[in-house]
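**Q** Chains as they are written, first to last, in the UniProt record's numbering: chain A, 1 to 130; chain B, 1 to 130; chain C, 1 to 130; chain D, 1 to 130; chain E, 1 to 130; chain F, 1 to 130.
Any given hint could turn out to be false.
Any copy, or any two copies together, can satisfy a pair, since identical chains are not distinguished.
[Claimed, not checked] Below, in silico cross-link-like pairs of lysine-lysine (DSS-like), each with a Cα-Cα straight-line distance of 30 Å or less: (1) 17 x 5; (2) 54 x 24; (3) 5 x 54.
If you're looking for bench data, these hints aren't it; they were derived computationally from the structure.
6 protein chains.
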Amino acid sequence: MSQLKAVDYAAASPEVKAVYDEIKQTRQVEDVNNFWKFIAQHPPTLARTWDSLKDVMAPGALDPLIKELLYVAVSVTNNCGYCVASHTAAARRAGMTDEMFGELLAVVGMANETNRLAVGYRVPIDPAFE
Amino acid sequence: MSQLKAVDYAAASPEVKAVYDEIKQTRQVEDVNNFWKFIAQHPPTLARTWDSLKDVMAPGALDPLIKELLYVAVSVTNNCGYCVASHTAAARRAGMTDEMFGELLAVVGMANETNRLAVGYRVPIDPAFE
Amino acid sequence: MSQLKAVDYAAASPEVKAVYDEIKQTRQVEDVNNFWKFIAQHPPTLARTWDSLKDVMAPGALDPLIKELLYVAVSVTNNCGYCVASHTAAARRAGMTDEMFGELLAVVGMANETNRLAVGYRVPIDPAFE
Amino acid sequence: MSQLKAVDYAAASPEVKAVYDEIKQTRQVEDVNNFWKFIAQHPPTLARTWDSLKDVMAPGALDPLIKELLYVAVSVTNNCGYCVASHTAAARRAGMTDEMFGELLAVVGMANETNRLAVGYRVPIDPAFE
Amino acid sequence: MSQLKAVDYAAASPEVKAVYDEIKQTRQVEDVNNFWKFIAQHPPTLARTWDSLKDVMAPGALDPLIKELLYVAVSVTNNCGYCVASHTAAARRAGMTDEMFGELLAVVGMANETNRLAVGYRVPIDPAFE
Amino acid sequence: MSQLKAVDYAAASPEVKAVYDEIKQTRQVEDVNNFWKFIAQHPPTLARTWDSLKDVMAPGALDPLIKELLYVAVSVTNNCGYCVASHTAAARRAGMTDEMFGELLAVVGMANETNRLAVGYRVPIDPAFE
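Given these sequences and hints, build the entire structure.
**A** Have a look at this one:
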């Protein structure tokens with residue numbers, strides 16, 4: 001028996017269905033992604049994660065495209081294959097062009113490099129940054 | 001004897017001084033940050049890193065503020081104290097407000113959380129994202 | 001020629017077979033997992049890792065279920081696909097229920113989120129925690 | 001001017017004070033930790049994080065001590081100094097003994113080691129774990 | 001439409017072809033690896049990364065075999081599947097034997113373990129190391 | 001009361017003293033580093049870690065200097081401040097020159113950068129590396 005279990009809409013509890021419905025309506029999509037179907041194995045995690053993401057990713061001082069770019073940057077740094085795939089797609093839907101994607105990964109690459117140079121050379125924080 | 005060694009301007013070789021001068025002129029600052037003074041222990045690393053950063057962080061399809069926000073996101077995820085301090089300061093100089101900073105860290109936090117949920121639930125990539 | 005090489009029981013040296021036999025007897029299993037068959041390419045690593053794991057995972061002040069939950073938490077945080085799969089299975093054998101698994105991942109997710117908030121806001125350690 | 005800014009109770013907005021009051025009452029403490037005072041710079045993050053943590057860390061299928069042990073395991077793996085300090089203290093308050101702490105770190109250490117062995121030897125997932 | 005896009009030699013721009021040609025000549029290979037074909041989606045990243053790698057991996061105070069061993073060590077620690085596969089192959093071409101590979105992974109494993117013990121026990125730096 | 005506790009030689013149990021004595025004799029040092037004094041809070045971890053490190057770091061197919069370089073590379077990638085400081089010192093004692101250190105960090109930096117490029121561009125493994 002597979003240990004990988006998605007909760008499909010048809011088989012979902014009313015509690016889970018309500019979250020799926022809200023995701024579908026908010027994002028204007030036919031079905032929810034695998035991410036939601038898998039975390040729905042634990043309904044409180046599904047509900048809490050959706051509530052939090054809905055708030056955090058909403059337009060604010062940063063617009064949704066920038067927020068998706070940040071999500072990709074973190075997901076790449078953490079090496080999360082699913083997250084890179086899904087948030088790259090989300091960023092493209094939000095307006096990310098090929099050129100933006102290229103620059104995004106260039107920044108992420110350089111940041112990961114210089115982060116390690118700073119650690120390896122044990123650079124003390126400049127007084128101006130304290 | 002301390003193992004932590006900065007290369008100050010006065011003691012720098014002509015090769016290192018030339019890089020320092022270019023950084024100071026490009027960024028319009030009085031002196032270079034500790035990061036540069038420490039990696040200057042290995043002059044080829046100093047020159048290569050500056051050349052790369054200058055190109056990667058220049059305005060392009062993404063503007064400098066967005067690039068600095070991405071730098072902070074990676075540095076926070078990697079837990080690099082020096083980098084968080086220096087790039088938060090750089091992002092503020094590029095226009096990051098308190099509200100933007102709050103939203104940036106909220107996105108970084110959520111991305112780190114959902115990255116692990118995706119891994120823990122072993123979520124397979126949706127065909128649409130391949 | 002594949003670079004991926006498992007050392008199967010039949011082809012194993014007496015030294016490796018002895019470790020396999022001990023694992024099979026201790027864990028009451030028919031065959032050892034791929035993990036052991038791959039690290040057996042370097043017999044000293046096989047022997048040392050088994051000796052260490054046997055001691056560390058034995059019942060003590062923490063019972064084996066808790067230890068497996070901790071193993072899953074670390075493996076998820078490190079994004080190790082093999083380790084998440086094998087230790088989730090091990091945790092289930094040790095008594096982890098679906099509900100426990102859901103709460104485990106919820107804690108792991110929140111810890112990864114708040115770890116980054118603490119780093120991003122550069123929170124100084126409270127004197128009470130020193 | 002320091003870039004590190006805590007929001008103390010006296011200077012907090014009513015919205016922030018309300019969260020502080022709930023934390024103090026729930027945890028029966030005189031004052032909130034620095035973590036809360038720093039993330040209070042962005043009130044929505046303060047409120048959302050507290051709401052989530054309150055739910056996730058509540059007694060459930062896993063008791064609070066196990067949840068704190070998991071928090072320490074993740075924080076150590078992520079190398080978050082503040083989080084290791086604060087959650088080690090929290091785990092001790094929840095009942096963690098010196099012996100438990102020693103075993104916890106031994107498991108965390110071994111998990112980090114074997115995670116890398118699995119990656120380095122590129123171990124394929126056993127069919128039984130799929 | 002697949003989101004995964006390699007830039008093959010035949011379809012490459014003159015700018016990209018020039019980098020491919022230099023890689024093929026320097027490394028004496030028939031074709032470039034997938035790594036180069038994918039980052040070629042952003043030509044400035046291709047050119048910059050090749051220029052940097054060519055310099056950094058050249059023989060110097062450390063010989064190429066040692067540099068490849070270091071690359072494997074970092075790639076394993078970061079859990080980058082592609083990088084582990086490609087740099088393990090590169091290290092073998094540079095002279096890494098099975099025994100060296102076994103010892104390399106043993107060191108990487110132990111370093112990852114003791115890194116976490118140092119963090120978990122919050123070990124202060126010895127004055128002699130400052 | 002401080003939560004940071006070193007086990008000094010004078011106050012150590014005979015079991016811990018025996019390990020300290022072996023470390024001092026093997027390494028020809030006057031006293032053991034803080035690392036050992038802190039993990040000695042859990043004597044089985046002290047004994048097991050020393051036994052493992054003694055074996056893993058001994059001369060073999062890789063010489064001690066290369067092993068220390070690998071240790072630094074992992075410690076920098078994991079951002080472990082204590083480990084970077086102590087293993088940089090150990091590598092210098094084993095013969096690492098300033099030039100080697102510069103090249104080591106350059107490789108570590110580039111590896112961290114290209115690891116993320118490979119993940120971000122979702123590069124599939126070349127058949128030749130399987």
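**Q** A separate judgement is required for each hint: does it hold in the structure or not?
**A** Hints and how they fare:
{"no.": "1", "hint": "17 x 5", "verdict": "within (16 Å within a copy, 36 Å between copies)"}
{"no.": "2", "hint": "54 x 24", "verdict": "both (12 Å within a copy, 28 Å between copies)"}
{"no.": "3", "hint": "5 x 54", "verdict": "both (24 Å within a copy, 28 Å between copies)"}
Of the hints listed earlier, there is not a single one the structure fails to meet.
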